[in-house]
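Chemist: The residues making up each chain are set out below.
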Amino acid sequence: MKKKRIKSPYASSLYWPGGVIYMVLFFIPTVLSLFFSLTRWTLQDWEFIGFENFTLYFSEENLRIGFRNTIIYAVLTSGLKVIFALYLASFLSSKLRATGFIRSVLFFPTLVSTIGVGITFSVLMNPYEGVINAALKWVAGLFGKTTDGPGWLIDPNLLPIVSIALVDVWKGVGIATLIYIAGMAAIPRDYYEASSIDGASTRQQFYQVTIPLVRPAMFSVIILSFVGGLRSFDLIWAMTGGGPGFISDVLASINYKQYTSGYYGLSTAGNVILFVLVSILVFPLSRYLNKKEVVM
Amino acid sequence: MKVVRNSRLAKALMLGLPAVLASAMLAAPAQAATEITFQTWNSQVSQDQWNAMTAAFMKANPDITVKVNYVPGGVEGDALVKSQLASGTMADVFSYNVGALMQAIDPVRNLVNLKGEPWVSSVNSGFIPSATGADGGFYAAPFGTAMGGGILYNKRIYAKLGLQIPLTWKEFMANNAKIKKAGITPVISSWKDSWTAQLFVLGDHFNVAAAMPGFEDKFTANKIVLAKNPSTLAGFQHLEEVRKAGYYNKDVASTTFAKALEYLALGKGAHYPMLSAGIDTIVANFPTKAADIGFMAQPGTNAKSNGATVWMPAGVYIAKTTKNLEAAKKFVAWTVSKESFVVQNKVVPPSGPYFIKGAPVSGNLTAVFTDLYNYMQGKGTSYPALEFLTPVKGPNLSQICVEIGSGQKNALQGAQSYQKDLQKQSQQLGLAGW
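Those protein sequence lines, which keep their order, are chains A and B.
The numbers in my numbering rise by one with no breaks, and the one at position 270 of the first sequence is 270.
The numbers in my numbering rise by one with no breaks, and the one at position 87 of the second sequence is 87.
Worth flagging that the hints you see were computed from the coordinates, not collected in a lab.
Ideal placement from N, C-alpha and C gives every residue a C-beta, glycine not left out.
Do not rely on the hints blindly, as some may be mistaken.
Using C-beta positions, here's what the derived DEER-type ranges look like [said to hold, decoys possible]:
{"no.": "1", "chain 1": "B", "residue 1": "326", "chain 2": "A", "residue 2": "44", "range": "18 to 28 Å"}
{"no.": "2", "chain 1": "B", "residue 1": "55", "chain 2": "A", "residue 2": "55", "range": "46 to 56 Å"}
{"no.": "3", "chain 1": "B", "residue 1": "161", "chain 2": "A", "residue 2": "107", "range": "50 to 60 Å"}
{"no.": "4", "chain 1": "A", "residue 1": "50", "chain 2": "B", "residue 2": "364", "range": "53 to 63 Å"}
Bound-form chain A, shown alone:
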């Protein structure tokens, strides 16, 4: 059945402020950035060079590392947040004393400056003087073993990007938990009563009632944290600057470095590519998740 076009209930004068803001701050810059991605641009003047920036961008030697890390980072952070936050939310929805306080503690890292968190953790994760490896050494000592601990941020392999992702999870899990808690609070008590009359254990209730009904919240968490992970930059820049070498570079940090080098057109092209990548990954995902929601 075709939906009937409903006349808007708002006066048209209510539209134009939003419209102007949208045009000036969103639409025009987007079109301009598409244009400047096709130019060699010094911020002061430009020269149209067609798709040269894009071919140059794709010939970037470390682009493979960038793509790989971007995907790893997004999948890892969003996956872990989805799982951890679910358990944290069910823990915090239970009848604990001082829930408010415990929730605030969990939410606290979200409020701290990302750069501050990055610098703090790069000190904690220092393999020789950091607290984390000192603790590992102590624990190993209890078992009569010795270890130097991993080189969290300086390992020349995948470890640095994974370490940063873990910090991101610690920092961001609070928001995900909050979304879950809201989702759980919206589940009508009736379902729990009905299922307990049917003899369901609390464990069964969690898997059969809570998880299916909290799905809309879960999907919001997945989408938000996945998009956040794909375009993540600040934490990575504060902790490793994309290094050692280029081993923890992501697309956003590659674009930033091109910007600092004065390659403005190229950097803009990189951001267009990042935009396309996010769209390609997120639209199908969001469609798929929405469909599942409807089925449920």
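Given the coordinates of chain A, assemble chain B onto it according to the supplied hints.
Modeler: Same frame as chain A, but now just chain B:
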């Protein structure tokens, strides 16, 4: 009643006083000093120097106030300076690198040509090319001293182990073997501040230029393949050889510039490939150890041609967007005056020669100063670093050097990567031949 009257008085005062203050403030600018803004790096040494210098300048010129803004260096600083110039929000006067980095901020368009200024005749001729724009204009007053790019070393360790200053790379590596045997880290490096990793490559230019006369022109015209010339490849190979021999400090990847200087000053390591100006930080943090540190040129293949690669001092520029050109020019002229050098010498003893003829040098001169001075005075024992002779300078060299040093790439792959980096930069600058 008294109380009431008093409160009325208070009210009158409260209403009246701000009005009086406001009129005073409005009247003030008429006689007040011209204010100019100045922007420079936020390192401790730089802050100490410029705080002292601007204070002295304002004392001598009460009609001008200088407001200093300290900003980060490195890639953040580069991005900031470029954006400020492009958006017309740069400070009236600012300090930034000369050479290739100055070419990258488009001096002809963004900076005030200082060619006609009276002090220009006192600038040492060695500095002129690195502050000259494509139009032949002269854009920067030199600030600070020459720096040697080579190896800072701990003289105490050298004396204890009876080592000689190496004149070839082979001798250098032989020294390293002995140092390692003695249980001391032979080569300190600090990749957490990745710019410090470039010295083996950049500091080798004396040797490159000695082996390939006329190198710079060919390099600028894209006629050099780094990976195919033994002399251009050597710097990259040094990074690899030192790693393979296990001569770096074991925490090299998490060591910062400041930490590395601490290791050197305290004798935990013997060599630190670095700019001679690193001594300034040692003077500030470990004043009693400064005398233990010396500077040597990076050795090449030929003992007969041994000399230091020399970095130019920073430049002090005037942005074209300034609204107080006369005051700005006065300030810049003061920075190269005798009074200015007296102040500079007091804050930090110079770690190399100044680039103004007749600039007084005083204070507790370090051994590093003397070593660098000797290289620069000697015949054919110093040569400018590559970035002061060509606009071509790839921005990714520091990370590539870290990759080689940590074994992610070998020397050959590193040189090839850097070649691509150069190509990209030159294309973006629109240079011919790339």
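Chemist: For each hint, tell me whether it holds in the structure or not.
Modeler: Outcome of the hint check:
1. B:326 x A:44: 18 to 28 Å: 26 Å, holds
2. B:55 x A:55: 46 to 56 Å: 53 Å, holds
3. B:161 x A:107: 50 to 60 Å: This hint holds: roughly 58 Å between Cβ atoms.
4. A:50 x B:364: 53 to 63 Å: 60 Å, holds
Violated hints for the displayed structure: none, as all numbered hints are satisfied.
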